[in-house]
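Use the sequences and the hints to build the structure in full.
Following the working numbering, the numbering of the sequence shown begins with 296 at its first residue and continues without gaps.
None of these hints come from the bench; they were simulated from the model. Watch out, some of these pointers could steer you wrong.
[Said to hold, decoys possible] Under the rule of at most 27 Å between Cα atoms (straight-line distance), these lysine-lysine pairs were calculated in the DSSO-like manner:
hint : residue 1 : residue 2
1    : Lys380    : Lys316
2    : Lys316    : Lys335
3    : Lys335    : Lys380
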Amino acid sequence: MRITRIEFEGQIGYFATAHRKRYTDHIEVELLTPDFPNGKQYQIAANSEEDIYAMAEQMQLSLEGYRGTNSDIHDYYRELIRLGKF
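Structure representation (structure tokens):
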């Protein structure tokens with residue numbers, strides 16, 4: 296089994312999608328917020344735990360609206376790491 300797409304929902308009107316296509320070395324993340332209704336795209340290295348954690352921080356802040364603690368960020372990190380290459 297292979298996980299290829301994960302969808303997230305934060306506060307009302309805030310969404311994100313993370314996906315990784317087979318044979319690529321990156322994860323694509325799209326954030327949909329009232330400020331970016333057409334989405335804001337990011338590409339992060341699938342084999343970099345640091346990049347994945349930094350994206351988790353950005354997602355948590357964008358979707359929840361506040362800078363969270365490590366446990367808040369880890370919820371996003373845990374899901375993103377499933378798409379990583381380790």
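Comparing the hints with the structure gives:
no., hint, in the structure
1, Lys380 <-> Lys316, "holds, 12 Å"
2, Lys316 <-> Lys335, "holds, 18 Å"
3, Lys335 <-> Lys380, "holds, 23 Å"
The structure meets every hint from the earlier list without exception.
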